[in-house]
Amino acid sequence: MTKKYTEDHEWISLDGDIATVGISNYAQEQLGDVVFVEVPEVGAEMGKGDELAVVESVKAASEVYAPVAGEVTEVNEDLEANPSMVNEDSEGSGWFAKLKVADLGELDALMDEAAYQDYVKGLG
Amino acid sequence: MSDPQQTLRTALYDLHLELGGKMVPFAGYDMPVQYPAGIMKEHLHTREAAGLFDVSHMGQVVIKGADPAKSIEKLLPGDIQGLETGQMRYSFLTNEAGGILDDLIVTRRKNDLFVVVNAACKEQDIEIFKSGLAGEATVEVLSDRSLVALQGPKAADVLARFNADVATMSFMTYQELEILGAHCFVTRSGYTGEDGYEISMPSDQADMICRKLLAENEVEAIGLGARDSLRLEAGLCLYGHDLTEKTTPVQGTLLWAIAKRRREEANFPGADVILKEIAEKPAMKRVGILPEGRAPAREHTEIADMDGNIIGEITSGGFGPTLQAPVAMGYVPFALSQPGTEIQLMVRGKARPAKVAKMPFVEQRYYRGE
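Chains as they are written, first to last, in the working numbering: chain F, 1 to 124; chain S, 1 to 370.
Some clues are possibly wrong.
Where chain S lies over chain F, by a calculated footprint (3+ residues, C-beta under 8 Å) [what the hints assert, rightly or not]:
{"hint": "1", "stretch": "54–64"}
{"hint": "2", "stretch": "114–124"}
Looking from chain F toward chain S, a few residues come up when the C-beta cut is under 10 Å (computed) [unchecked claim]:
{"hint": "3", "residue": "E77"}
{"hint": "4", "residue": "E80"}
{"hint": "5", "residue": "A81"}
{"hint": "6", "residue": "P83"}
{"hint": "7", "residue": "N87"}
Residues of chain S clear of chain F, computed beta-carbon distances all greater than 12 Å [as the list claims (entries may be wrong)]:
{"hint": "8", "residue": "L19"}
{"hint": "9", "residue": "P36"}
{"hint": "10", "residue": "E42"}
{"hint": "11", "residue": "A69"}
{"hint": "12", "residue": "I126"}
{"hint": "13", "residue": "D204"}
{"hint": "14", "residue": "R211"}
{"hint": "15", "residue": "G225"}
{"hint": "16", "residue": "D228"}
{"hint": "17", "residue": "A266"}
{"hint": "18", "residue": "E280"}
{"hint": "19", "residue": "G293"}
{"hint": "20", "residue": "A297"}
{"hint": "21", "residue": "D305"}
{"hint": "22", "residue": "E313"}
{"hint": "23", "residue": "R348"}
Because the hints were derived from the structure by calculation, they are not lab data. No residue lacks a Cβ here, since even glycine has one placed at the ideal position from N, Cα and C.
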């Protein structure tokens with residue numbers, strides 16, 4: 001399975017042509033306590049960079065963007081009752097949505113884990 | 001705005017950094033929005049034990065004159081002459097249109113008034129005091145004093161260890177007390193809905209005093225993020241958001257702060273507008289709002305009636321850690337301002353159900369004496 005990251009701190013993990021998307025551990029640390037996640041509708045067509053989800057902390061709302069284009073095939077319904085899963089396990093059970101990726105080549109432009117860790121370090 | 005060269009620091013800046021405070025520009029100051037514990041834990045800690053807040057960015061002003069209580073009433077509709085020495089009151093500066101220029105707290109001291117004003121408004125307010133009171137009173141800004149708030153159900157126990165006299169102070173009273181050898185102005189007040197104190201202290205002793213307070217088991221440092229969620233749950237207004245110069249005290253649901261005598265005298269700025277609005281009922285009114293579900297509705301979220309017509313706007317909104325639910329306040333037409341009225345909030349293009357609700361959302365727990 002390939003796991004990639006975006007400069008906006010989303011992660012995307014590919015299994016066949018289905019990609020699971022969430023936010024990085026760094027992102028959840030920056031956001032603080034997540035109190036609500038608005039996930040997309042199953043069946044929604046996402047362009048690369050479209051608003052995929054919204055994460056609400058006590059203080060503010062932050063958009064989560066689709067790292068690649070695709071159709072939403074599944075959303076994490078457990079987040080409705082347990083939004084704090086995003087803080088506890090952002091890169092695991094705190095995933096947001098699954099996409100049927102339109103063009104697998106779009107993942108090539110994203111950072112791998114090592115590159116992303118360097119990128120985060122550079123943010124100070 | 002965020003030019004770091006221009007950002008001011010309070011006397012507690014080094015302490016904030018040491019505590020891991022996440023610093024953000026706020027009203028021209030570099031202030032901690034949160035510490036490593038995070039807003040949720042800081043908020044809950046304040047409601048359960050005691051939180052220490054740096055509010056030194058706020059303006060501390062002393063007004064001296066022959067009769068400063070009488071003089072200042074020219075600028076605001078509060079009953080300041082009715083205060084006994086050592087009592088304090090919430091009020092607001094108004095303009096000729098009845099709009100609110102800032103909200104503030106006035107304490108009547110033996111020979112003068114001690115006034116605390118909002119950070120973002122302090123230059124304006126000082127100018128209003130100076131020009132409005134010229135020839136009658138002098139205006140001194142206490143730029144060498146810091147202001148901290150100690151808030152929460154354990155605040156009184158903690159502070160009494162440093163000076164036992166604080167224990168018997170009632171809500172909205174003032175005393176000058178020695179704390180750790182420093183000459184402090186202590187008020188039993190705050191902006192969280194909890195019992196607690198605001199303590200004005202010499203800036204050169206503020207770091208020392210705050211470290212001693214934080215060394216007490218019950219006390220944690222709390223940032224501006226939790227200060228905001230605490231005051232919102234307590235139904236308290238944030239100037240510049242819930243109140244502006246476009247809102248009157250009638251619209252802002254602050255008539256309790258305009259005493260009968262002041263209404264009869266009608267001698268404060270905007271009195272004609274405000275009195276007329278009291279008689280005729282305001283077009284819009286500030287109300288509490290409880291969104292259904294868990295999605296917070298933030299400031300500037302549009303409010304719609306059940307037919308989908310836009311009728312108002314959220315002015316403060318977020319998630320209430322104590323309620324474990326979203327909370328908000330905003331302005332709606334008077335006819336729709338009754339608690340229980342069903343409304344809709346336009347969050348990201350979707351109408352979400354909500355209800356007008358009574359405030360405070362969390363019961364205020366002020367100390368009014370045994």
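Here's how the hints hold up against the structure:
no.: 1; hint: 54–64; in the structure: holds (count 7)
no.: 2; hint: 114–124; in the structure: violated (count 0)
no.: 3; hint: E77; in the structure: violated, 13 Å
no.: 4; hint: E80; in the structure: holds, 7 Å
no.: 5; hint: A81; in the structure: holds, 9 Å
no.: 6; hint: P83; in the structure: holds, 7 Å
no.: 7; hint: N87; in the structure: holds, 9 Å
no.: 8; hint: L19; in the structure: holds, 16 Å
no.: 9; hint: P36; in the structure: violated, 10 Å
no.: 10; hint: E42; in the structure: violated, 10 Å
no.: 11; hint: A69; in the structure: holds, 39 Å
no.: 12; hint: I126; in the structure: holds, 30 Å
no.: 13; hint: D204; in the structure: holds, 32 Å
no.: 14; hint: R211; in the structure: holds, 25 Å
no.: 15; hint: G225; in the structure: violated, 5 Å
no.: 16; hint: D228; in the structure: violated, 8 Å
no.: 17; hint: A266; in the structure: holds, 42 Å
no.: 18; hint: E280; in the structure: holds, 38 Å
no.: 19; hint: G293; in the structure: violated, 8 Å
no.: 20; hint: A297; in the structure: violated, 10 Å
no.: 21; hint: D305; in the structure: holds, 23 Å
no.: 22; hint: E313; in the structure: holds, 16 Å
no.: 23; hint: R348; in the structure: violated, 7 Å
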